[in-house]
Amino acid sequence: MNTTHVPGTRSNRQVFLFALSTCGWCRRTREFLEANGVEYTYIYVDLLKGDERKEALDEMRKWTPRQAFPTIIVGEEVLVGLDEDKLRGALGL
Amino acid sequence: MSESLPTPEQIDALYKRLDEEAEAGGYHLNPDREMTRRLVEGLLANQARYGYQACPCRLADGDKEADLDIICPCDYRDPDLDEHGACYCSLYVSEAIVKGEHKVRPVPERRPDDPAQRRQALKPVQAEPGAGVPVWRCRVCGYLCARDNPPGVCPICKAKRERFEQMRLTVVLSA
Ligand code: SF4
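Listed in order, the protein sequences are those of chains A and B. Using the numbering used here, the first residue of the first sequence is number 1, and each one after it goes up by one. Using the numbering used here, the first residue of the second sequence is number 1, and each one after it goes up by one.
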């Protein structure tokens, strides 16, 4: 998958973000992660086409049945939508 | 995918237009201007990408027919405003949120995953008593609308929701 890695000082948990480039909450999620120095990887699903998009959605479906953005995977935990308190909890911040 | 980004002037112009239209119709844009500006930017990006303003927080298919229910304002805005005080993206919010009485919380996705279920309301339904969509009448100006709940504010005369009465009449929609 065509993912982008963002380095950070906090890398004790693997963080992956399924996002849309046009979505305000996805942007805010990225800012939240970056403000907290969290190392993470993201993919903008709306910028993918055809098989690439299908591959990303198939991967996302392994984690959550609903297709909603942002979907944030922290370790084994799946968070749908940006709820800063829950995200903080999942990240151990 | 190469894309031309919307210019700040284009974003400002659409922001202003949507704001005026919202206020004229009894709706409100999110007072969090940074968020709203990004969503407006997303609408313009989708306009350039798909030819229509698909919801910025949902994955559009690119086929207009398949995306009709999520062209902004989407089919789900008003039920979400009723239930959560904000549309799914939080571009539109309730008066209580504008006044700062409530905060915007994440809105769960109500759009069915199954495309066949998305425009269910447009399928013929049995014309039995109680079936169909209720009709609401503004007691102030007589404006009629057929939807699950009356609007927060009458789009014609701006009377508040409590001035609406349900008529003994239901509308049966057919495709
Ligand atoms: S959720 Fe809000 S921004 Fe998205 S299409 Fe519906 S009304 Fe527009």
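These are computed hints drawn from the structure, not numbers from a lab. Don't take each hint at face value.
Computed list of lysine to any residue pairs in SDA-like fashion (alpha-carbon distance at most 25 angstroms, straight line) [what the hints assert, rightly or not]:
#1 Lys49(A) with Lys103(B)
#2 Lys103(B) with Val78(A)
#3 Lys62(A) with Gly50(A)
#4 Lys64(B) with Glu31(A)
#5 Lys49(A) with Leu68(B)
#6 Lys62(A) with Thr9(A)
What the simulated footprint calls covered on chain A by chain B, stretch by stretch (three residues with Cβ under 8 angstroms from a Cβ of chain B suffice, anywhere in the stretch; the number is not a length) [unchecked claim]:
#7 6-20
#8 24-30
#9 81-91
Just so you know, these numbers come straight off a predicted model, no measurement behind them. Heads up, the beta-carbon is just placed ideally off N, CA and C, and yes, glycines get one too.
Right, here's what the structure says about each hint:
1. Lys49(A) with Lys103(B): violated (36 angstroms)
2. Lys103(B) with Val78(A): Holds, at roughly 23 angstroms.
3. Lys62(A) with Gly50(A): holds (19 angstroms)
4. Lys64(B) with Glu31(A): The hint is violated at about 32 angstroms.
5. Lys49(A) with Leu68(B): holds (20 angstroms)
6. Lys62(A) with Thr9(A): violated (28 angstroms)
7. 6-20: violated (count 1)
8. 24-30: holds (count 5)
9. 81-91: Per the Cβ count (3), the hint holds.
Taken one by one, the earlier hints fail for this structure at numbers 1, 4, 6 and 7, listed in ascending order.
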